[in-house]
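Using the sequences provided together with the hints, build the complete structure.
Sequence order for the protein chains is P and A. Taking the working numbering, the leading residue of the first sequence gets 10, the next gets one more, and so forth. Taking the working numbering, the leading residue of the second sequence gets 3, the next gets one more, and so forth.
On the chain P side, residues computed to face chain A include the following (Cβ under 8 angstroms):
(1) Pro21
(2) Leu120
(3) Glu185
Bear in mind the hints are in silico, worked out from the structure with no lab data behind them. By construction, the Cβ of each residue, glycine as well, lies at the ideal position given by its N, Cα and C atoms.
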Amino acid sequence: MAYQKAVREYSPGMLAVARFYLDHSSAEEVVQDCWVTVIDAIHKFEGRSGLKTWLHRIVANRCKNKLRASKREVATDFSEGLEPDLAERFNATGRWDLPPKLQFHDSADTLLENGALSDCLDKHLSALPETQRSALMLYEAHQHKSEEVCNILDVSASNLRVLLHRGRQKIFLMVEAFQETGEC
Amino acid sequence: MLMCRDLAVIASDYIDGELSGRQSLSVKMHLMMCRDCRTFIGNLRATTDLMKGHSSGKLNEAFLQRVDERVAEALRTKTSPNKDK
Ligand SMILES: [Zn+2]
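Below you can see the structure in the form of structure tokens.
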């Protein structure tokens, strides 16, 4: 059935949105609730490009309502631009002390064909703070525009920049370590 | 004068084209002179490409099953107006 295909295709992104706001089990619950309420509309939307954004907005609104009801807030650290592990690789004058040694010369596709790296990426993605992971997922993997991500996650443009950069640095450090050691 | 550390702070903004013309120019000038930062920017860009190509989110089966059940249930009772909790 059409909706089963849609559920499998769109749930990962919806969960990424929900996890920004809520813990794991509440997030799954919200996404389930969402599917139940939108299922009639899904047929009308089928094949249209706006479906993903529409679903993500619905999930975000439900999460925000839920947060408001419980009077909790999303706790996020927007303070610093550099990951500590990267920051300590510069000397006092601001030059590289420990520069990146290797080039990630392979294209992304070749790197991802390496199943071990892909698994490692999964592992590190799930270890990221929820807020950074959600921002990365929506911006990179789901290719939302910045304004859409800000809208869905309810963050300012400058805060989104921090989330993206912090998340990318962690993944960068992970790929670097993986290329050097071959281990995750 | 932009130092390597400063460049690392704004590296994502540079990659995403979010810097002002002047900032972007000073990054380009630095990159011309600094091989380490060229490697860094190249690798950070490769990292974002990696994320773009990565279809994360293996959905857990229990979750999918639960959605299917609840949707099927909702479709069965569709004629009666949905109660909101
Ligand atoms: Zn440099």
